[in-house]
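Given the sequences, and given the hints that come with them, work out the whole structure.
Same order as they appear, the protein sequences are chains A and B.
Letter 42 of the first sequence, counting from 1, is numbered 42 in my numbering, and no numbers are missing.
Letter 28 of the second sequence, counting from 1, is numbered 28 in my numbering, and no numbers are missing.
Treat the hints with caution; some may be incorrect.
[Unchecked claim] Derived DEER-like restraints, expressed as beta-carbon distance ranges:
1. B:Gly118 / A:Gly180: 42 to 52 Å
2. B:Gly159 / A:Ile183: 31 to 41 Å
3. B:Glu8 / A:Lys272: 24 to 34 Å
4. B:Gly40 / A:Ile187: 35 to 45 Å
5. A:Ile265 / B:Gly118: 42 to 52 Å
6. B:Lys109 / A:Ile227: 53 to 63 Å
7. B:Asn111 / A:Tyr133: 50 to 60 Å
8. B:Thr3 / A:Arg3: 28 to 38 Å
9. B:Asn13 / A:Ile187: 46 to 56 Å
Since the hints were made in silico from the structure, they are not lab data.
Every residue, glycine too, gets a C-beta built ideally from N, C-alpha and C.
Single-letter residue listing:
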Amino acid sequence: MKRLLSIELQKIWQNRASRILTLTYFILLSSVALIASINFNFIGIDFRMADMGIFNFPFIWHFNTYMASILKFFLAVIIVSMMANEYSYGTLKQNLIDGLSKKEFISSKFITVILFALISTIYVFVMSLLLGYSFSSYTEAGIVFSDLEYLLAYFIKLTAFFSFCLFLGILIKRSAFAIGFLIIWFIIEKIIYGTIKYRLEIGDKIADQIAGFMPLEAMSNLIKEPITRFQAYKAIENQISGGNSVKDYSVHLFEIAIVIVWTVIFMLMSYKILKKRDL
Amino acid sequence: METILTIENLHKNYGKVHAVNNVSLSIQKGNVYGILGPNGSGKSTTLGIVLNVVNKTSGKYSWFGGALETHEALKKVGAIIERPNFYPYMTAQQNLQLVCKIKGTDYSKINEKLEIVGLLDRKDSKFRTFSLGMKQRLAIASALLNDPEILILDEPTNGLDPQGIRQIRDIIRTIASFGTTILLASHLLDEVEKVCSHVLVLRKGEILYSGTVDGMNSGKDFFEVQSENIIELRNALNLMPTVQKIEEYEGKLFVYGELQASEINKYLFEKNIFLTHLVRRKNTLEEQFLELTSNN
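The following block contains the structure:
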């Protein structure tokens, strides 16, 4: 396993484009912290984002994992190209001839995907902890370390998304087309969702449930948008409408299971394609 | 003798195209084998199958008597295929380090092998800055990294300039002189003739000849004759009972049959035909090969 990882990391790290993208990703990830310094003036009163409760434990876990997962596209580009390049350079063929088995080849990519997801998760964890201790109103250990399932969801979401990218890289063999296909796939899912919701007339709830089985939709369901959960927002909403919107923001085991199943499907299909294809 | 690779009744279909048709081959340690065939005759496909990059349709092959799984066996094999495949953004040395990681050997051999192919002074240059000849030499260095039991070369001089071809051939000859088993696929006959002891001739995926290079050459003498009037000469030779076949080529006649030079000379002299040219020739591999591949 160490051997496979070292092979893959050498391929990525010695490529300047990948190196720059990786660094950019982590720098941008840190920039979530910059939200803390956002000030704006509202009817003569100074608002500071950090003081509005977005960095309160345990809400910060939800907020930061959601914000951080938007940036996953940077790593997605690296992962798609690390696979597609193997085809365009002809190095996939050479690697196999040199004595790497097809299984080892896929494993080395998948281990790297997990490593990326893990590093990103740890990074977000440490960053949130630091931000939280600086700005949170509550710092009791019991509160700080509650709701950590958002981090688990974040890790699984990234792994699944990168596995999808890996699969597209193998399937399509060209980075640009694979990324294009990813976007098209996203649109297709939205169209299917729209069709189910507005054409079949089976009710919003059932439509949402069906859509929840599609890969990208399932991934985005893992961590729901935190904006409407935001205290200040809620307070304003309550004043206007007077009612409390009931929305479930938690991470469900069921949703995690769907995403894990997709990850397994993507990896198995990648292996199958590789096995079947003549190079 | 130790068997390195056995291929039995290998078939490969690409849709309707039968790219490899019932190919069998056994490679013994210490010999130099050639696979000859025109482009598209199934050479690369056959090699692709035993190298784990092309899936066979049917048949069997086994490395080192079947003791190892293919990908494990390939760690003891050095192979280069058609064009050199490396990571363009890595230096020569980094590329070889990656191959070492895959094969599970240590880095100590890298400089030694770069020296053999004459690239030691360019080891820190990026692969993309290399000329085709240099790329191909790096591929050979990479194939030699693990001191392989067998070196497989598929069209190693394809697309190179004469100087590059010369360099690659010298390297191959040097390696062969160390006693390394070599399997060389090529459509260039002199290449095979110069270095190989055994040869397999393929056409449209089928074996036309399999055996030693000498065996392919033997018993195929013929005469090259020429005179002032080539038509008259041809007619006369046609009447000669021991002549089996006559071919015309660039103003000369090639005469096949159980013949002696003096017989021909005497016979024609009696017919009042005087030769301006009479040479006894052995068929070169090239002529053999063209004959084999076109007659069937």
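Results for each hint:
1. Take B:Gly118 and A:Gly180: their Cβ atoms lie about 44 Å apart, and the range 42 to 52 Å holds.
2. Between B:Gly159 and A:Ile183 the beta carbon distance is about 39 Å. The supplied range of 31 to 41 Å therefore holds.
3. Checked against the hint of 24 to 34 Å, the C-beta distance between B:Glu8 and A:Lys272 comes to roughly 27 Å, which is consistent with it.
4. The hinted range of 35 to 45 Å is satisfied by B:Gly40 and A:Ile187, whose Cβ atoms lie roughly 43 Å apart.
5. Evaluation of the 42 to 52 Å hint for A:Ile265 and B:Gly118 yields a pass: the beta carbon distance comes to about 50 Å.
6. For B:Lys109 and A:Ile227, the hinted distance range of 53 to 63 Å is satisfied, since their beta carbons lie about 59 Å from each other.
7. Hint check: B:Asn111 to A:Tyr133, Cβ distance near 52 Å, so the stated range 50 to 60 Å holds.
8. The hinted window of 28 to 38 Å between B:Thr3 and A:Arg3 holds, with their beta carbons roughly 30 Å apart.
9. For B:Asn13 and A:Ile187, the hinted distance range of 46 to 56 Å is not satisfied, since their beta carbons lie about 39 Å from each other.
Going down the numbered hints, you'll see the structure goes against just number 9.
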